[in-house]
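*Asks:* For the record, the sequence lines run as chains D and L. For what it's worth, our numbering labels the leading residue of the first sequence as 1, then goes sequentially. For what it's worth, our numbering labels the leading residue of the second sequence as 1, then goes sequentially.
Calculated from the structure, these hints are not laboratory results. Some hints here could point you the wrong way.
Anything over 12 Å on all C-beta distances counts as not near chain D; from chain L, calculated [as the list claims (entries may be wrong)]:
1. Gly-44
2. Phe-48
3. Leu-71
4. Ser-107
5. Leu-123
6. Glu-131
7. Asn-172
8. Ser-185
9. Glu-189
10. Thr-199
11. Ile-218
Calculated lysine-lysine pairs in the PhoX-like style (CA-CA distance at most 25 Å, straight line) [claimed, not checked]:
12. D/Lys-375 x L/Lys-50
13. D/Lys-342 x L/Lys-198
14. L/Lys-9 x D/Lys-375
15. D/Lys-350 x L/Lys-9
16. D/Lys-75 x D/Lys-117
Backbone N, C-alpha and C define an ideal beta-carbon position, used for all residues, glycine too.
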Amino acid sequence: MSVKAFELVSAVEREQLMGEKVRITIECIECCGQHLYVGTNDCFIYHFLLEERTTTKGRLAYSSQKLLQKYLGLKKPVAELKAASALERLIVLCDATIALVDMVTLEPVPSGGAKLKGVTAFCINENPVTADPFCAEMAVVSARRRAVQICTVHEDRVQMLKEVATPEQPCTLSVDGYFLCLALPTQYMILNYSTGASQDLFPYDSEERKPIVKRIGREEFLLAAPGGLGMFASAEGISQRAPVSWSESVIGAAVCFPYVVALDEGFVTVHSMLDQQLKQTLSFREGHILQDFEGKVVLASTKAVYVLVPLPLEQQIQDLLAGHRVEEALTLTEGAQRNIPKDKFQILHKRILQQAGFIQFGQLQFSEAKEHFRKGQLDVRELISLYPLLLPASSSFTRCHPPLHEFADLNHLAQGDQEKVQRCKRFLISYLREVRSSESANGFREDVDTALLKLYAEIGHESLLDLLASDNACLLADSAPWLEKHNRYFALGLLYHYNGQDSSALQMWVRVVNGDLQDSTRADLFEYVVDFLSFCSNLDLVWKYADWALQKDQKIGVQIFTKRPISKETTGQLNPDEVIKYLEKHHQALVLYLEHLVLERRLQKEKYHTHLAVLYADRVLGLLSRPSATVEQLSSAREKLQRLLRESSLYRVQLLLGKLQESEVLLTERATLHGKLEEHDKALHILVHQLKNSTAAEDYCTWASEDHDPAHRQKLFHQLLSVYLDPDVPGGAQTMEAVDLLNRHADVFDAVQVLELLPEAWSLTLLRPFLCGALRANIHARRTSQVALGLARAENLQLHHDRLKYRGGPVFVSEKRGCQLCHNTFREPDCVCLPGGTPIHTHCAAQRLQDSPTKRRLDHGHTSNHT
Amino acid sequence: MPAARKMRKPDIKMVILGDMNVGKTSLLHRYTERSFKDTLSTVGGAFFLKQWGPYNISIWDTAGREQFHGLGSMYCRGASAIILTYDVTNWQSLVQLEECFLSLTDSANSDCIFAVVGNKVDLTDSYAQVETSKDVGPEESGISAAPSCAAPPHTPTIHKQVHQEDAMALYNRIIVYKALNEGTSPLAEKMCFETSAKTGYNVDSLFETLFELVLPSIIQKQARAKSPTVCLEEYEEKARKRKPDCCT
Ligand SMILES: Nc1nc2c(ncn2[C@@H]2O[C@H](COP(=O)(O)OP(=O)(O)OP(=O)(O)O)[C@@H](O)[C@H]2O)c(=O)[nH]1
Ligand SMILES: [Mg+2]
């Protein structure tokens with residue numbers, strides 16, 4: 001589990017410091033920009049200029065140049081060095097005393113103010129609370145004092161601000177703002193020196209192990225905890241990150257985001273703050289100091305100084321990806337978000353997501369891969385291009401550089417494992433479908449659709465047809481050969497059609513139907529083609545393939561014409577006459593087409609009706625002349641003919657009559673034709689005497705009088721009756737039929753007339769149903785009319801009443817008054833009132849009525865009114 | 001650990017405490033990864049962010065080893081819920097809870113919720129041996145201890161050293177120790193669980209019960225973050241918690 005996050009680069013070599021002097025060791029270091037200060041145990045301070053450069057191999061290297069070395073004259077080790085660069089001062093702890101030296105000359109600066117003696121540790125506040133830029137804040141711990149002193153350091157003096165008491169004497173400390181983080185002999189604690197509030201963190205035995213207190217950011221500290229832990233603690237005393245696990249012998253630690261770097265006796269360890277994992281271990285002997293200065297991690301052994309140079313983040317991420325450590329790579333990327341400018345981060349993040357997706361894709365972890373592709377907004381063509389030949393030849397796509405993955409293509413990825421290849425293909429199908437349904441295919445829909453078509457075609461996916469039948473951007477030039485290669489001729493036809501090349505489509509399909517090409521996509525392809533032609537607006541194509549279709553199957557083929565949608569538009573419409581003419585040679589189709597015109601579309605054209613009737617008749621006659629014809633064939637043919645003859649009244653009756661005259665069999669048909677000519681006697685004669693079918697005769701009467709008034713119906717039935725009763729025919733009167741007719745249709749006949757006709761000898765019981773029926777009908781009629789009469793009277797009376805009401809008062813008639821019409825006086829009280837109540841003589845009224853054209857109206861409106 | 005990758009700020013903190021080897025890490029793993037795997041004894045601590053509806057809950061797994069006990073107090077600081085875990089086959093692990101771990105919880109929030117959890121119940125009760133893939137219904141969570149379910153005849157199990165009554169008694173002592181209001185604190189029946197990280201028995205129920213109980217805390221915390229005027233209310237609430245109601 002390792003990442004190469006850092007490289008150890010030498011900064012100051014042994015020769016530049018103590019050379020061969022064995023006893024001299026490095027005690028402390030300080031780094032400030034390019035200036036590196038080293039304090040030694042023999043009371044020297046060395047000042048180096050540290051220059052960064054890049055080697056020819058692209059690595060970072062340092063060259064150091066010794067500017068100065070200064071003996072402080074105390075014979076004691078230099079315990080601590082801190083730079084206050086704004087003041088150009090180095091704060092030096094030596095011989096338990098704090099002194100200031102000039103950063104450039106290393107000359108001691110005589111300082112006024114507080115004398116700080118007996119100091120065991122101090123630290124600089126990197127988050128100072130005072131606004132003065134020309135002073136540094138410092139917290140100091142002195143020997144045998146349970147307190148921390150807060151001081152400010154100025155150019156020429158140190159000023160003590162405050163002393164805060166602590167429960168025990170601190171061993172080491174760190175400060176951020178008002179928060180002191182202290183390592184006491186038995187525990188760590190946070191102390192707010194402004195308010196005095198304190199917070200215990202956790203116990204720690206400082207005797208046993210040197211405590212570490214390291215400010216790592218605003219109000220956050222890193223502490224060495226029992227068991228070799230690196231604990232994080234906020235100023236509130238809360239741990240917001242999980243601890244990292246160091247060795248027990250850790251000496252120093254620093255943070256170089258997102259890593260925690262720690263030094264122990266033999267190694268430098270690098271943990272990620274993002275997942276607490278150990279990421280890198282560098283062997284480092286005689287390690288002594290590890291400190292970070294403005295983001296630069298500097299290490300020292302007792303004799304030499306090194307810089308721990310972080311490798312570029314992108315390289316670290318790429319290393320992780322190269323090791324297929326997707327999650328870690330993403331964690332590192334996302335953790336670095338705050339250190340990278342937003343737009344740059346987004347580009348990087350997307351790229352890493354895409355790479356991660358491809359790694360997972362290579363491991364066949366499709367759902368994770370898909371998620372990363374989606375989040376990384378992958379150009380879908382990157383994925384398609386992995387599959388050989390899927391991208392159209394015309395596509396302008398080239399893979400992104402540097403490549404997002406290590407695969408040449410799918411075969412390389414699958415290493416010949418066909419099962420893998422198939423799974424990848426299925427994944428691509430589902431992925432492309434999603435891409436299509438979202439907007440992300442914009443701009444390269446052709447590539448996406450064509451690829452999808454190819455995949456479908458290859459594995460025989462049923463959605464191939466849906467794709468082609470719906471809105472799509474499949475490239476014809478690229479898809480056609482592919483479809484042909486995979487024998488998807490039906491689909492190819494659809495593609496041609498979608499591209500407006502119906503003629504090619506038809507050509508393809510016809511070849512499949514004819515068996516020249518093999519494609520079993522549709523078992524009913526012939527029907528499909530016919531249907532297609534019936535909708536095809538290119539009439540030339542229709543005519544071109546009609547012959548083929550009709551030859552194959554007239555019954556289905558004719559649907560080209562019969563299924564054609566009828567619209568008002570004249571274009572794309574077929575002229576029925578033309579079609580009929582064309583169909584002459586396809587007899588069955590012709591009949592079907594005429595049936596379509598006459599029976600379905602109900603075109604009222606004599607020509608079609610006659611033509612169809614003639615064809616029907618020919619068929620019947622043909623069957624009659626053929627001994628092999630079955631009864632069923634004949635009866636169904638006749639049924640059709642009869643129906644047409646009965647129901648249509650447009651055909652030429654005489655013509656048909658002439659045709660059917662020859663046949664002795666087609667009596668019903670002939671009767672119908674006579675009926676059409678109103679030659680009922682002939683018709684009935686045929687039915688009764690030749691066909692001898694009384695039911696047919698009765699049906700005839702009913703049919704022939706269908707659209708006529710009851711009188712006509714009565715007449716027909718009487719006619720039939722007289723035919724039955726006619727004694728002058730061979731065989732004599734057909735008494736039984738007559739009786740049946742009467743009994744069955746009692747209500748149609750005029751009973752009186754019938755009774756006169758019937759022979760005296762007939763028994764009453766024989767005619768009982770008829771008589772009963774007739775009587776019933778008569779009585780019913782009488783009663784009905786009586787009721788009607790009564791109702792009419794009542795209505796009339798009501799109207800009178802209303803009228804009187806409207807007219808108001810009585811009408812006065814006297815001998816002195818004259819009639820308005822003749823101006824003679826009234827001699828009788830009888831009179832008639834004109835509208836408005838003017839009385840006139842009854843005879844005058846009658847006279848006037850006769851003259852008036854509105855006689856009828858007056859008839860109803862006025863009656864005599866007696867007063 | 002994909003969840004940890006998202007650097008979201010947790011809304012609330014939950015801590016799992018208990019002696020080493022009782023199965024704290026296994027419980028958390030079972031809940032978050034839905035599986036049981038070999039664990040290493042935890043060093044220091046680890047945490048996991050759980051998205052619960054719109055809220056982020058950080059769950060801290062602590063180390064049970066004595067060496068790390070000192071860190072417990074810091075982990076508990078600001079916690080809204082603490083899961084005290086023992087091993088049902090180990091009486092000492094329950095004793096430890098009271099003797100070592102309870103005092104570490106002093107730094108938790110004053111309204112912190114406690115749960116006492118007996119893990120490894122698969123070793124002692126056959127009904128917990130069935131691998132549960134689905135959530136245990138919430139209504140079952142309170143009474144789960146009673147082995148009322150028709151237990152299939154099973155091979156003899158390890159002797160159960162801790163019974164749930166003991167855990168409930170501990171829970172009630174915790175309430176007293178914390179000077180929490182017995183009337184308003186959740187009942188022992190609700191807050192004592194027997195679980196198995198191995199089979200998943202009762203694990204979801206444990207975490208989900210706690211999430212639901214800390215929800216008001218989250219909402220209160222968010223409201224406080226939004227408007228400074230709510231501070232008073234918090235003060236009042238604290239005051240009320242401190243002195244138990246004398247009228248009842
Ligand atoms: N049978 C059984 N074994 C369990 C169960 N839970 C944990 N274990 C086992 O108990 C041992 C300790 O489990 P951990 O989850 O590491 O225990 P812990 O509490 O995290 O221990 P520390 O991290 O040392 O504090 C492991 O061997 C687990 O396999 C359980 O429910 N049933
Ligand atoms: Mg653990």
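*Asks:* Checked against the structure, which of the hints given earlier come out wrong?
*Replies:* Of the numbered hints, 1, 2, 3, 4, 13 do not hold.
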